[in-house]
Structures are given as C-alpha cells and as structure tokens.
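Number of protein chains: 2
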Amino acid sequence: MPKLSESAIRKRKDTIEAAARELFIKQGFHATSMRDISKRATVSLGNLYNYYPTKDAIFESIIDGYLEIIDEELKAIFNGIDEPMEPSNLRKLGENVGLLVDKHSDFWLLMYIDVLEFRNQHFRKMFDGITDRFRKIFGSRFAEAESRGDLRTGVDAAPVFTAAYMQFFNYFLVEKLFGGNQHLGLTDEQALNCLTKIFAYGTLSEKSLAKFKREASTLTA
Amino acid sequence: MPKLSESAIRKRKDTIEAAARELFIKQGFHATSMRDISKRATVSLGNLYNYYPTKDAIFESIIDGYLEIIDEELKAIFNGIDEPMEPSNLRKLGENVGLLVDKHSDFWLLMYIDVLEFRNQHFRKMFDGITDRFRKIFGSRFAEAESRGDLRTGVDAAPVFTAAYMQFFNYFLVEKLFGGNQHLGLTDEQALNCLTKIFAYGTLSEKSLAKFKREASTLTA
DNA sequence: AGATAAAAAACGGACGTTCATTTTTATTTG
DNA sequence: CAAATAAAAATGAACGTCCGTTTTTTATCT
Numbered sequence: 001m002p003k004l005s006e007s008a009i010r011k012r013k014d015t016i017e018a019a020a021r022e023l024f025i026k027q028g029f030h031a032t033s034m035r036d037i038s039k040r041a042t043v044s045l046g047n048l049y050n051y052y053p054t055k056d057a058i059f060e061s062i063i064d065g066y067l068e069i070i071d072e073e074l075k076a077i078f079n080g081i082d083e084p085m086e087p088s089n090l091r092k093l094g095e096n097v098g099l100l101v102d103k104h105s106d107f108w109l110l111m112y113i114d115v116l117e118f119r120n121q122h123f124r125k126m127f128d129g130i131t132d133r134f135r136k137i138f139g140s141r142f143a144e145a146e147s148r149g150d151l152r153t154g155v156d157a158a159p160v161f162t163a164a165y166m167q168f169f170n171y172f173l174v175e176k177l178f179g180g181n182q183h184l185g186l187t188d189e190q191a192l193n194c195l196t197k198i199f200a201y202g203t204l205s206e207k208s209l210a211k212f213k214r215e216a217s218t219l220t221a
Numbered sequence: 001m002p003k004l005s006e007s008a009i010r011k012r013k014d015t016i017e018a019a020a021r022e023l024f025i026k027q028g029f030h031a032t033s034m035r036d037i038s039k040r041a042t043v044s045l046g047n048l049y050n051y052y053p054t055k056d057a058i059f060e061s062i063i064d065g066y067l068e069i070i071d072e073e074l075k076a077i078f079n080g081i082d083e084p085m086e087p088s089n090l091r092k093l094g095e096n097v098g099l100l101v102d103k104h105s106d107f108w109l110l111m112y113i114d115v116l117e118f119r120n121q122h123f124r125k126m127f128d129g130i131t132d133r134f135r136k137i138f139g140s141r142f143a144e145a146e147s148r149g150d151l152r153t154g155v156d157a158a159p160v161f162t163a164a165y166m167q168f169f170n171y172f173l174v175e176k177l178f179g180g181n182q183h184l185g186l187t188d189e190q191a192l193n194c195l196t197k198i199f200a201y202g203t204l205s206e207k208s209l210a211k212f213k214r215e216a217s218t219l220t221a
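Protein chains in written order, with our numbering: chain A, 1 to 221; chain B, 1 to 221.
The hints are simulated quantities; they were obtained by calculation from the structure and are not laboratory data.
Certain hints may be false.
In this list, chains with the same sequence are indistinguishable; a pair is considered to hold if it fits within one copy or across any two.
[What the hints assert, rightly or not] Listed next, the in silico PhoX-like pairs over lysine-lysine satisfying Cα-Cα at most 25 Å (straight line): (1) LYS176 / LYS125; (2) LYS26 / LYS75; (3) LYS26 / LYS39; (4) LYS11 / LYS211.
Given the sequences, and given the hints that come with them, work out the whole structure.
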C-alpha cells in the first residue's frame with residue numbers, strides 16, 4: 001500500500017477522534033477502552049496505534065482540536081461586542097456564552113476529565129490570565145468608558161467584565177451539567193436579565209445608567 | 001468473634017473511607033483500585049467487602065458523609081449572616097466560601113468525579129432549588145430589606161444572593177482547581193472587594209448605599 | 001516486488017469480586 | 001478464673017474478564 005495522503009490521514013483521525021470523544025463524554029476516559037474506540041470508529045484495535053501512540057494522545061488531540069474551535073467561537077463572540085460595558089452587550093455576552101455552553105456541552109465535560117485525570121494541564125490556558133486577555137481585547141474601550149465617566153469611580157472594568165463572563169459561564173454550566181434546573185429560580189431569559197442588571201448597576205455610573213435607562217428597563221427579571 | 005460494636009464498625013469504615021478519599025482525589029475513581037484502598041487503609045482486600053458491597057458503595061458513602069459536613073458548615077456560614085444583602089455580610093459570605101473551598105478542596109473534586117462517572121446523581125441536591133432554600137433561610141430578611149427600601153425597585157433579593165454565592169464559589173474553585181492563578185488579575189482580598197461591590201451596587205438602592213457608604217468605601221479593589 | 005496500511009492475535013498485567021480458610025475474641029462452661 | 005465454644009472478622013489466593021500495548025500476519029496498493 002502506498003502512503004496515505006495527508007488529508008486521508010486527517011480524515012481517518014477525525015473519525016477516530018469523533019468516536020473517542022463521544023465515548024469519553026458518555027462514559028468517561030478510564031471507562032472507555034481502546035477496543036470501544038476501535039469498534040465505534042470501525043478501525044481495528046491495532047491500527048489505532050498507527051495513528052496515535054497512546055490512549056492519552058487521543059485525548060490530547062481531541063482537546064487540542066476542540067480548544068481551537070472554542071477559541072474561534074469565543075473570538076467571534078468578543079468581536080460582536082463593540083462596547084463591552086454596555087448593558088445590552090453584557091446581556092448579549094451572556095446569551096452567547098449560553099449558546100456556547102449548550103452547543104459544546106461535551107467540551108466542558110472533557111475539561112472536568114482533564115481536571116481529574118491530568119490535573120487540568122490541557123485546560124489551564126482557558127482561565128490563566130483571562131483578565132489580561134480581556135484587557136488586551138477591550139482595553140481601549142474600557143479606557144474610553146472610564147474617560148467618558150460611564151463607570152463608577154474606582155471601578156476597573158476588566159475584572160468586572162471577567163467576572164460577568166465567568167458568572168454567565170458558571171450559570172449555564174450548572175444548568176447544563178450539574179442538574180441545577182433553574183437554580184436561580186428563573187428562566188434562562190430572566191436569569192440573563194437579572195445577572196446583566198447586577199453587573200450594569202454594579203459598575204456603571206448614575207450618569208451612564210440614565211443613558212441606558214431605556215434598554216436597562218427592559219431587563220425585567 | 002462476636003459482632004463488632006457499632007462504634008468499632010464506624011471507626012473501621014472511617015479509616016477505609018479516609019484512605020479511599022485520599023486516593024480518589026489524588027488519582028481519580030477508576031484509577032484507584034480496591035487493592036490500593038486496602039493497602040492504604042491496612043485492611044485486607046477481601047475484608048473491604050465485609051464493609052461495602054462494591055467499590056461504588058465506598059464512593060457513595062464518602063460523598064454522603066461529606067455532604068453532611070459541608071451542609072453543616074454552610075449552615076454555620078448562613079447563621080453568621082444576619083442581614084444578607086448588607087455589603088459587609090456579602091463580603092463575609094465570600095470570605096467564608098473561600099475558606100470552605102480551601103478547606104475541602106478535595107470535596108469539589110469528588111463532585112467532578114460524580115459529574116463524570118455518575119451523572120452527578122449524588123451532588124444534584126447541592127444546586128437543585130438552591131434559590132428556594134435561600135428564600136427559606138433569608139426570606140423574611142429579604143422582605144424587610146425590600147420594605148425598608150434597601151433594594152432597587154424590581155430587584156428580587158433571592159436570586160441575587162444566590163448569584164453572589166455562586167460567583168464566590170466559582171471564583172475560588174477556578175483559583176483552586178482550574179489553575180486560574182489570580183484570574184481576575186487581583187489578589188483574593190481585592191477580588192472579594194470587587195465582587196462584593198458589584199453585587200452591592202448592583203442591587204442596593206441609592207438610599208441604602210448611602211447608609212453603607214462608610215463600609216462600602218473600604219472595599220477598594 | 002516492495003512498501004505501507006489494516007487486521008488479527010498475543011502479551012503481561014491489573015481489575016473487581018468471590019470464597020475457602022484462618023484468626024480473633026466475647027461469651028459460655030466447668 | 002481458665003478453658004472451650006461459636007460466631008464473626010480478617011485474610012489472601014484464585015477467578016474470569018478486560019485493559020493498553022506490542023507483535024505478527026494479511027491485504028492492498030504502485
């Protein structure tokens with residue numbers, strides 16, 4: 001047999017990783033055997049080792065690929081935000097985080113697998129220095145908002161935005177993976193409104209809030 | 001041998017569970033064998049099965065015991081809060097949640113094990129209906145605060161308090177388990193101040209904030 | 001034929017659990 | 001008080017299965 005083309009190899013790997021991902025998510029990493037993966041991917045057991053040196057390597061490859069996807073989707077979300085501290089944009093952030101959690105709920109399970117089995121070595125970058133990253137993306141917007149007097153005195157927008165981001169994430173993860181069905185006692189829509197309001201009122205100046213009064217008043221929790 | 005006394009059995013089980021807990025946390029559930037547990041607990045392999053019918057049962061017993069402890073500690077925390085929406089009390093809540101996460105960081109790892117291996121069946125109760133529980137604990141305080149005009153119009157204190165609780169939890173969990181070293185770009189103290197301020201300013205009326213101005217002004221992030 | 005992919009078989013070890021056996025000890029007996 | 005008893009506790013070898021990985025064999029292409 002001649003050497004497979006690069007794309008053919010990539011295609012094979014994709015099917016293997018898809019099968020492995022589904023199994024890891026459904027039954028965990030340790031509970032998933034190489035035989036399970038080979039069966040689901042319709043690849044012989046031995047042949048798996050022509051593509052990956054170890055079982056761990058499959059997991060790592062899945063995560064690396066996934067991280068890229070998530071990274072892009074997050075970038076798209078942030079690109080859609082022109083004025084990060086504006087209430088309507090904060091809410092939009094929440095909405096999009098919700099969609100992201102929903103769309104890739106398996107991904108976050110992999111994160112927990114990583115925490116438990118690999119001491120989070122693959123996912124560390126997700127949270128490490130996240131505030132600085134937001135500062136890089138929105139730094140000038142934050143500064144403008146401050147110079148316009150949109151923020152309460154003494155408020156640094158970057159950690160607030162990060163906190164909002166984290167809160168939205170956590171809300172939907174708890175809803176999706178931890179069985180807290182409507183744990184805020186609100187529908188998702190209401191919860192988004194409630195959280196948005198907290199962060200808006202919590203950090204915006206009275207002057208600025210008046211400006212957004214009309215929008216903000218629609219955020220009835 | 002006559003039957004062991006109830007307390008002797010409890011003592012034995014405690015040592016077994018302590019050993020198992022340490023191993024589960026260090027290397028995960030599947031990666032921990034019954035032989036590992038028996039060695040660490042200095043109990044013979046077979047004898048383990050005189051105390052627990054299966055390996056799963058050991059895990060379940062650990063969680064049940066742990067849930068009780070955490071439940072009590074949480075109760076103590078909430079008992080120490082007389083006025084839940086007061087900024088200083090919100091901050092105290094955050095501090096205590098931080099201590100709880102720190103003291104029992106292994107417990108939260110078990111929670112992730114439960115999510116992955118048991119579909120969170122043992123931990124569901126942690127988040128299910130949590131807002132209602134807060135309403136039961138602080139309902140009258142929430143009502144009083146509202147009638148005093150401490151809250152912004154339209155703000156329901158219960159989900160806000162829950163959101164604050166969740167945010168504090170998430171903050172410390174990310175710090176402790178997900179390697180987000182100072183992910184808000186702040187020290188823990190500063191982060192507590194920052195988050196407290198968000199929730200205080202986010203939900204308290206101007207009138208009420210003036211009342212707490214002195215305390216609130218010490219919350220410099 | 002020669003090279004490479006794919007499949008199958010084989011390997012050594014570890015797994016959860018069982019079980020026949022031995023050890024332990026509170027109670028009964030002399 | 002000491003010896004015998006009986007029931008429970010403790011043991012560790014053994015069981016059958018499955019694991020990740022390696023090696024060998026077979027099939028498939030230029």
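Going through the hints against the structure:
1. With identical chains, the CA atoms of LYS176 and LYS125 are at most 25 Å apart both within one copy (23 Å) and between copies (14 Å).
2. In this homomeric assembly, LYS26 and LYS75 never come within 25 Å of each other (Cα to Cα): the closest approach is 28 Å inside a single copy and 35 Å across copies.
3. In this assembly of identical chains, LYS26 and LYS39 lie within 25 Å of each other by CA distance solely inside one copy; the values are 15 Å within and 31 Å between copies.
4. Taking the shortest alpha-carbon separations for LYS11 and LYS211, neither the intra-copy value of 53 Å nor the inter-copy value of 65 Å comes in at or below 25 Å.
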